[in-house]
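Visitor: Below, each chain spelled out in residue letters.
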Amino acid sequence: MEWWEYLIKYGKVFLVGGAVCLIGQILINRTKMTSARILVTFLVLGVVLEAVGVFEYIKEWGGAGITVPITGFGSSLAKGAIDGSKISLFHAVTFGLASVSAGLTAAIVFGFLVALIFKSKPKKL
Amino acid sequence: MMDGKEYCEYVSKTAPKTSELKTLLPAFCIGGIICMIGQGFTDLYAYLLPEAEESMIGALTSMTMIFFGALLTGFGIYDKIGGIAGAGSIVPITGFANSIASPAMEFRKEGIIFGLMAKMFVIAGPVIVTGVVSSVIVGIIYTIVAAV
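Residue numbers (numbering that gives the first Met the number 0), protein chains in the order written: chain A, 0 to 124; chain B, 0 to 147.
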């Protein structure tokens, strides 16, 4: 790829990723949603977008702009379930979690290690 | 004397309004930058591991972003970014890592098992439960649709 092709590609990632976070910020401003609700909302959005087949198109255009936000986590869950449903019902209900095992393992192990190593600083109000 | 409704109106009139643009712009920019960093790792892993499947590249990217999200939480840097970025730091997968590492650190003083290990899921728990349940629903719907 030429340098300007990278520029366009990363520009699109910035736009899509920024837009997703912008929607999140509007939700926070308007509804006073907590971060847990924001994460759950975008996760479900990712699941729905993948299930109806729209996610692929956004990913093709915006790359990591849609996969790095928690929507990507939801998409992987739904994609695993959809791929599993082609094999059997057993795979349909278990492949969702299997497809995000890498991310979940990383989040739990790194979260655990960080909490063991670092001390929480008292929060300044 | 004012009743509750009047008081609410009074508060909403006199409370300082944070200009919405001041929260939207940092959320957009920092969210966008975090995604660009993620794209950088995706391209790096695709270059280093040309044989690997796309799903593995994606998983490695997630793990890397989660690692940095947790590490920056440990150093207390992620919360500082979050103060400026708002949703720009919550919505990316690094925010999910932060939502696990942050309560784990905070509640460590209540013990390793009932503090750290239990409380690390205060925010991540609902996220994981919603995710798994909705993926099961999607799997069942797709199985039924395929059978019909």
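Heads up, a few of these hints could be off.
[Unchecked claim] The list that follows gives simulated cross-link-like pairs (lysine-lysine, DSS-like), each with its CA atoms no further than 25 Å apart:
no.	chain 1	residue 1	chain 2	residue 2
1	B	K79	B	K108
2	A	K8	A	K58
3	A	K118	B	K79
4	A	K11	A	K58
5	A	K85	B	K4
6	B	K108	A	K118
7	A	K58	A	K85
8	B	K21	B	K79
9	B	K79	A	K31
10	B	K21	A	K11
11	A	K31	B	K108
[What the hints assert, rightly or not] Taking CB as the label site, the calculated pair distances span:
no.	chain 1	residue 1	chain 2	residue 2	range
12	B	D2	A	R36	29 to 35 Å
13	B	Y6	A	L14	25 to 31 Å
14	A	I25	B	S54	27 to 33 Å
15	B	Y9	A	K85	15 to 21 Å
16	A	G52	B	G124	35 to 41 Å
Derived by calculation from the structure, the hints in this document are not laboratory data.
Where a beta carbon is used, it is the ideal one built from N, C-alpha and C, also for glycine.
Visitor: It remains to establish, for every hint, whether it holds in the given structure.
Guide: Status of each hint after checking the structure:
{"no.": "1", "hint": "K79/B x K108/B", "verdict": "holds, 22 Å"}
{"no.": "2", "hint": "K8/A x K58/A", "verdict": "holds, 12 Å"}
{"no.": "3", "hint": "K118/A x K79/B", "verdict": "holds, 16 Å"}
{"no.": "4", "hint": "K11/A x K58/A", "verdict": "holds, 10 Å"}
{"no.": "5", "hint": "K85/A x K4/B", "verdict": "violated, 56 Å"}
{"no.": "6", "hint": "K108/B x K118/A", "verdict": "holds, 9 Å"}
{"no.": "7", "hint": "K58/A x K85/A", "verdict": "holds, 22 Å"}
{"no.": "8", "hint": "K21/B x K79/B", "verdict": "holds, 16 Å"}
{"no.": "9", "hint": "K79/B x K31/A", "verdict": "holds, 20 Å"}
{"no.": "10", "hint": "K21/B x K11/A", "verdict": "holds, 23 Å"}
{"no.": "11", "hint": "K31/A x K108/B", "verdict": "violated, 30 Å"}
{"no.": "12", "hint": "D2/B x R36/A: 29 to 35 Å", "verdict": "holds, 30 Å"}
{"no.": "13", "hint": "Y6/B x L14/A: 25 to 31 Å", "verdict": "violated, 43 Å"}
{"no.": "14", "hint": "I25/A x S54/B: 27 to 33 Å", "verdict": "holds, 32 Å"}
{"no.": "15", "hint": "Y9/B x K85/A: 15 to 21 Å", "verdict": "violated, 60 Å"}
{"no.": "16", "hint": "G52/A x G124/B: 35 to 41 Å", "verdict": "violated, 29 Å"}
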